[in-house]
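Enquirer: Work out the full structure, taking the sequences as your base and the hints as a guide.
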Amino acid sequence: MPRSVPVTVTVNGSKHEREVEPRTLLVHFLREELDLTGAHIGCESTLCGACTVHLDGRAVKSCTVLAVQADGQQVTTIEGLAASADELHPLQTGFWEKHGLQCGYCTPGMIMAAKQLLDDNPNPTEAEIREAIDGNICRCTGYQQIVDAVQHAADVAGGA
Amino acid sequence: MTTFRPNSVGRPIKRREDPRLIRGLATYTDDVKLPGMTCAAFVRSDFAAGAIRSIDTSAAAAHPGVVGVYTYADLDGKVGATPIGVEIPGMPDHPLLANGRVLYVGHPVAVVVAETPYAARDAAAMVEVDIEPREAVVDVEAALAPGAPRVYEELDSNVCLHIPAPNPEADKLFEQADQTLSIRLLNQRVAPFPMEGRAICAHWEEGPGKLTIWTSNQAPHSVKQQIAMCLGIPEIRIRAIAPEVGGGFGAKIPTYAEDALLCWVSRDLMRPVKWAETRTENLLGMTHGRGHVEKIDVAFQTDGRVLALKGQTISEIGAFRSFFGPFIALSTHTMSCGCYDIKAVAWETSSVFTNTMATEAYRGAGRPEAAYIIERVMDEVAAATGLDPVAVRRRNFISKDVFPHTTPSGATYDTGDYEKPLDRLIELAGYDEARTAQRSAREEGRLVGIGLATFTEVCGLGPSTGATPQQRMGTWESATVRVEPTGNVTVYTGVSPHGQGQETVFAQMVADAFGVGLDDVVVVHGDTDQVQHGVGTFGSRGIAVGGAALDMALVKVHAKATRIAAHHLDAPVDQIEFEDGEFTVSGTDRTLTFREVAEKAHLWNVNVPGEEPGLEAVARFEPSATTFPFGAHLCQVEIDPESGQIEIQRYVAIDDFGEVLNPMLADGQRLGGVVQGIGQAMWEEVQYDEGGQLLSGTLMDYAVPRAKHFPRMELDNTVTPTPINPLGAKGIGELGTIGATPCIVNAIVDALRPLGITNIDMPAKPERVWQAIRSAGAA
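Taken in sequence, the protein lines are chains A and B. Counting in numbering that gives the first Met the number 0, the first sequence runs from 0 upward without gaps. Counting in numbering that gives the first Met the number 0, the second sequence runs from 0 upward without gaps.
Treat the hints as calculated values from the structure; they're not laboratory data. Glycine included, C-beta positions come from ideal geometry on N, C-alpha and C. Some clues are possibly wrong.
[What the hints assert, rightly or not] Pairs of lysine to aspartate or glutamate residues, derived as EDC-like cross-links and limited to a Cα-Cα distance of at most 16 Å, are as follows:
#	chain 1	residue 1	chain 2	residue 2
1	B	Lys77	B	Asp92
2	B	Lys342	B	Asp170
3	B	Lys32	A	Asp34
4	B	Lys707	A	Glu130
5	B	Lys707	A	Glu32
6	B	Lys555	B	Glu611
7	B	Lys559	B	Asp573
8	A	Lys14	A	Glu32
9	B	Lys32	A	Glu31
10	B	Lys559	B	Glu615
11	B	Lys13	B	Asp518
12	A	Lys14	A	Asp34
13	B	Lys707	A	Asp133
14	B	Lys342	B	Asp177
15	B	Lys342	B	Glu168
16	B	Lys399	B	Asp422
17	B	Lys13	A	Asp147
18	B	Lys559	B	Glu581
19	B	Lys209	B	Asp267
20	B	Lys764	B	Glu611
21	B	Lys764	B	Glu637
22	B	Lys707	A	Glu127
23	B	Lys32	A	Asp147
24	B	Lys707	A	Asp147
25	B	Lys13	A	Glu96
26	B	Lys342	B	Asp296
27	B	Lys559	B	Glu576
[What the hints assert, rightly or not] To give an idea of the interface, some chain A residues facing chain B are shown, with a C-beta separation under 8 Å as derived from the structure:
#	residue
28	Leu33
29	Thr36
30	Ala49
31	Gln91
32	Trp95
33	Glu96
34	Pro107
35	Ile110
36	Ile132
37	Gln143
Expert: Listed below in structure tokens is the structure:
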């Protein structure tokens with residue numbers, strides 16, 4: 000059987016220890032080992048963004064990060080974005096209010112990418128939003144309502 | 000609008016679907032986990048055409064974790080062929096795995112099943128397939144040439160379907176016309192590219208003798224029927240579930256060979272088996288869309304009136320017959336008159352095999368091709384007559400007074416008022432000012448273009464008269480409304496939404512019918528064990544057909560509730576009024592709430608004479624005809640002559656799709672469709688090399704639109720209801736792709752026309768535009 004190595008990853012605030020094949024991708028680790036299926040696999044090549052999560056506070060495409068690279072680090076997924084189970088993060092609220100999703104497959108990654116933007120730039124322009132989600136593909140919405148959703152989140156978070 | 004007074008309906012209600020989706024709690028097929036689950040990986044042909052000399056599966060079978068390896072030899076005589084929606088006599092079947100020969104790159108040759116996906120993929124790479132390649136035929140026009148290599152050596156040619164349509168009336172009009180012109184248009188092959196690729200989880204349970212299939216599909220009831228036929232399992236032992244589905248766009252209508260195969264494998268192994276394709280597999284093996292070569296002759300008058308069209312469509316259907324693939328070109332011809340009063344058409348259609356992946360419905364399925372033809376034609380007629388493209392369109396519009404209107408191409412349009420969205424477009428876009436600004440820009444040497452499309456299309460599929468025996472069901476739609484004793488309501492719908500939002504819109508309809516809250520309604524779809532018969536979500540039919548069925552079911556339940564209320568209020572039924580969830584005896588204060596009636600309907604001791612207990616109804620809506628929404632789109636582009644780069648400066652879309660049940664969701668459908676249409680016009684193209692190798696097999700090579708490609712779109716709509724269904728709604732899902740491609744290309748050609756350029760084939764990539772500018776300059 001393939002060789003396994005130990006990894007310890009803190010995901011959404013909970014510490015998880017597992018033995019995995021060294022080649023195990025972070026997205027597979029999250030989905031298969033931890034049953035966190037919110038991050039989706041869309042291209043296996045860093046190009047579509049459906050698998051975006053945060054690794055130590057930075058957005059990464061988890062389809063091209065190895066689980067061992069996350070060893071000892073903090074991962075935040077869409078499941079852990081909101082402060083509690085009965086709350087929504089302002090980005091989640093924005094996507095809901097502005098119809099920023101249709102089939103929903105790109106949505107968790109899109110939200111996590113947008114979080115990176117708002118962490119860096121709480122008051123983005125439309126052009127900055129479009130640039131920031133350039134690494135995330137949505138095939139349903141045509142992006143306009145996603146832009147509105149991110150803007151809504153920025154406005155809410157800014158207390159506007 | 001609906002039978003019931005709209006209150007929730009018509010408002011931009013945010014979606015009931017969203018909380019699970021925005022929190023990462025939705026279940027797509029690849030999220031399904033079952034005890035004993037196995038994972039599949041396919042071995043696919045690297046050659047576009049060839050004979051299989053041998054397949055050695057021994058190393059794969061011995062690989063740790065592998066539980067099964069299957070080739071065609073294991074299936075022979077035990078299963079049927081890949082499901083098709085329409086039979087064509089004399090055409091070869093397509094086995095579930097390659098039988099002695101491969102026909103396209105990506106053709107499944109073997110499948111490996113293992114305990115983990117990693118083990119399955121490792122072992123799949125160990126299967127040795129020895130193929131003797133032979134010459135492939137890839138270009139569709141080359142496939143028609145005498146002596147071309149044949150995809151199927153047992154056939155006389157590569158032609159799968161040929162429909163000639165000579166028309167002496169068109170010939171006569173061509174003789175009488177002031178002018179004629181010819182144009183050759185390419186509607187290139189594109190990838191549907193749903194964000195979730197194909198995925199299936201098949202679970203045969205030997206104890207109950209039941210097959211459960213989770214499938215990322217638009218039509219789970221069809222999957223159930225097709226798997227039943229293919230595997231010889233009675234359909235009553237099959238449950239197909241379309242859980243959360245990550246986009247479809249037509250390519251998830253078919254039941255694929257891989258789907259049927261894995262159901263059989265699960266039964267053979269007596270274990271659940273799951274497969275989610277990789278993106279490269281998706282680009283190789285999910286059906287492609289479009290793929291037309293159109294040669295068109297146009298007869299017209301110097302005043303801009305178009306008299307007749309003659310044309311030939313060569314439709315590349317790939318290496319095998321997909322579910323509807325060979326027939327898609329026929330709807331192109333049915334819709335070829337667009338919204339214009341053309342007197343005669345003559346179309347010849349050839350659906351042609353090539354050694355490529357099969358083509359199939361893709362958002363619009365034949366209608367975008369039609370709109371592309373007629374809208375490009377209108378602009379070329381405008382150029383040839385020196386008239387404004389708006390004036391040419393107005394001159395040819397079918398008058399709003401003649402509906403229903405049957406076109407010479409055989410479509411009967413329900414309602415239409417084509418001036419209305421065009422007037423609004425001219426106003427909103429500031430058309431005259433834009434033309435003035437364009438003239439100034441041209442004087443400065445800038446390449447600014449304004450493009451229009453005024454189009455119509457077919458929605459609300461549709462009367463079952465068009466259905467075939469292979470489909471196993473018509474194209475009506477069903478709904479069940481089940482009221483619980485509490486007055487809470489479950490709707491079971493036969494449509495299978497995957498982003499369109501019917502969980503919300505149908506709840507709005509229930510809320511208006513019964514006066515209950517949106518949270519008191521659950522809409523169930525995509526499960527053949529829960530939902531009575533259904534047909535699915537495609538052809539912009541969710542509201543126009545599925546919603547109509549729901550309206551019928553609501554009417555039935557409401558009528559029964561009224562009778563129950565009348566009994567308990569001791570009043571005649573015609574004295575009962577209903578408002579805000581209360582039944583009232585007219586002119587009195589005697590009332591029963593809907594919830595009280597629901598409770599009484601279920602209690603044993605308060606039965607109403609002549610009424611069955613319970614409060615539930617099933618309805619099936621069989622539309623008498625299809626519906627024909629329409630619209631007017633405008634875009635403005637500026638092209639950089641040094642690079643060929645195209646900047647979309649404005650896009651304005653005025654659509655008319657009848658009554659609107661939720662404008663926010665309708666906007667979403669329109670915006671997404673427009674962007675998909677622009678994607679085809681400007682970037683997307685499935686490319687094979689001359690040997691049949693796929694050149695666009697990853698996202699590095701297949702250009703899907705991204706957010707920064709677009710300005711903010713401007714939308715408005717006009718309302719021309721349809722009488723075909725009780726909602727007056729026509730359908731919205733495909734308008735965007737239909738209007739956008741010709742609109743964009745007309746704008747690009749308009750920008751380049753001062754250089755003498757009269758056509759740019761899609762996709763209008765910068766390189767192609769730059770080459771055209773260079774060639775024009777050199778000429």
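Enquirer: With reference to the structure, classify each hint as holding or not holding.
Expert: Status of each hint after checking the structure:
1. For the hint pairing Lys77(B) with Asp92(B), the CA-to-CA distance comes to about 15 Å; that is within 16 Å, so the pair holds.
2. Between Lys342(B) and Asp170(B), the direct Cα distance comes to roughly 11 Å. Compliance with the 16 Å bound is thereby established for this hinted pair.
3. About 9 Å separates the Cα atoms of Lys32(B) and Asp34(A), which keeps this hinted pair within 16 Å; it holds.
4. Of the supplied pair hints, the one linking Lys707(B) and Glu130(A) holds, its CA atoms being roughly 6 Å apart against a limit of 16 Å.
5. Taking the CA atoms of Lys707(B) and Glu32(A), the gap is near 36 Å; set against the 16 Å cutoff, the hint is violated.
6. At roughly 13 Å between alpha-carbon atoms, Lys555(B) and Glu611(B) fall within 16 Å of each other, so this suggested pair holds.
7. For the suggested pair Lys559(B) and Asp573(B), the alpha carbons sit about 13 Å apart, so the restraint of at most 16 Å is met.
8. Restraint check: the Cα-Cα separation between Lys14(A) and Glu32(A) comes to about 13 Å, which is no more than 16 Å; the hinted pair holds.
9. Note on Lys32(B) and Glu31(A): the hinted pairing holds, with a Cα-Cα distance of about 9 Å set against a maximum of 16 Å.
10. Distance hint between Lys559(B) and Glu615(B) is fulfilled; the C-alpha atoms sit about 9 Å from each other, no more than 16 Å.
11. Between Lys13(B) and Asp518(B), the direct Cα distance comes to roughly 12 Å. Compliance with the 16 Å bound is thereby established for this hinted pair.
12. With a C-alpha separation of about 14 Å, the suggested pair Lys14(A) and Asp34(A) falls inside the 16 Å cut-off, and the hint holds.
13. For the suggested pair Lys707(B) and Asp133(A), the alpha carbons sit about 6 Å apart, so the restraint of at most 16 Å is met.
14. Among the hinted pairs, Lys342(B) with Asp177(B) is consistent with the structure: their alpha-carbon atoms are about 15 Å apart, no more than 16 Å.
15. With a CA separation close to 8 Å, the supplied pair Lys342(B) and Glu168(B) stays within the 16 Å bound.
16. Note on Lys399(B) and Asp422(B): the hinted pairing holds, with a Cα-Cα distance of about 14 Å set against a maximum of 16 Å.
17. Restraint check for Lys13(B) and Asp147(A): satisfied, since their Cα atoms lie roughly 14 Å apart, inside the 16 Å limit.
18. For a cut-off of 16 Å, the pair hint linking Lys559(B) to Glu581(B) stands: about 14 Å separates their Cα positions.
19. Of the pairs offered as hints, the one joining Lys209(B) and Asp267(B) holds, with about 13 Å between alpha carbons and a cut-off of 16 Å not exceeded.
20. Restraint check for Lys764(B) and Glu611(B): the C-alpha separation of about 65 Å exceeds 16 Å, so the hint is violated.
21. Of the supplied pair hints, the one linking Lys764(B) and Glu637(B) holds, its CA atoms being roughly 14 Å apart against a limit of 16 Å.
22. Among the hinted pairs, Lys707(B) with Glu127(A) is consistent with the structure: their alpha-carbon atoms are about 9 Å apart, no more than 16 Å.
23. Distance check on the hinted pair: Lys32(B) and Asp147(A) sit about 35 Å apart at the alpha-carbon level, beyond 16 Å; violated.
24. Only pairs whose Cα atoms come within 16 Å are accepted, and Lys707(B) paired with Asp147(A) is accepted, the gap being roughly 14 Å.
25. A hinted pair counts as satisfied when its Cα atoms are at most 16 Å apart, and Lys13(B) with Glu96(A) qualifies at roughly 6 Å.
26. Between the alpha carbons of Lys342(B) and Asp296(B) the distance comes to roughly 14 Å, so the proposed pair stays at or under 16 Å and holds.
27. A C-alpha spacing of about 13 Å is found between Lys559(B) and Glu576(B), which places the hinted pair at or below 16 Å, so the restraint holds.
28. About 12 Å separates the beta-carbon of Leu33(A) from the nearest beta-carbon of chain B, more than 8 Å, and the hint is not met.
29. Because the closest C-beta pair between Thr36(A) and chain B is about 4 Å apart, less than 8 Å, the hint holds.
30. Interface hint status for Ala49(A): upheld, as the beta-carbon distance to the closest one in chain B is roughly 6 Å, under 8 Å.
31. For Gln91(A), the interface hint holds, the least distance from its beta-carbon to any beta-carbon of chain B being 4 Å, beneath 8 Å.
32. For Trp95(A), the interface hint holds, since its Cβ comes within 8 Å of a Cβ in chain B; the closest pair sits about 5 Å apart.
33. Evaluation of the Glu96(A) hint against chain B yields a held restraint, the C-beta minimum of about 6 Å falling below 8 Å.
34. Because the closest C-beta pair between Pro107(A) and chain B is about 5 Å apart, less than 8 Å, the hint holds.
35. The interface hint given for Ile110(A) is met, as the beta carbon of that residue sits about 7 Å from the closest beta carbon of chain B, less than 8 Å.
36. Interface hint at Ile132(A): satisfied, since its Cβ lies 5 Å from the closest Cβ of chain B, which is below the 8 Å cut-off.
37. Proximity of Gln143(A) to chain B holds as hinted, the smallest CB-CB distance being about 5 Å (cut-off 8 Å).
Of the numbered hints given earlier, the model fails hints 5, 20, 23, 28; all others are met.
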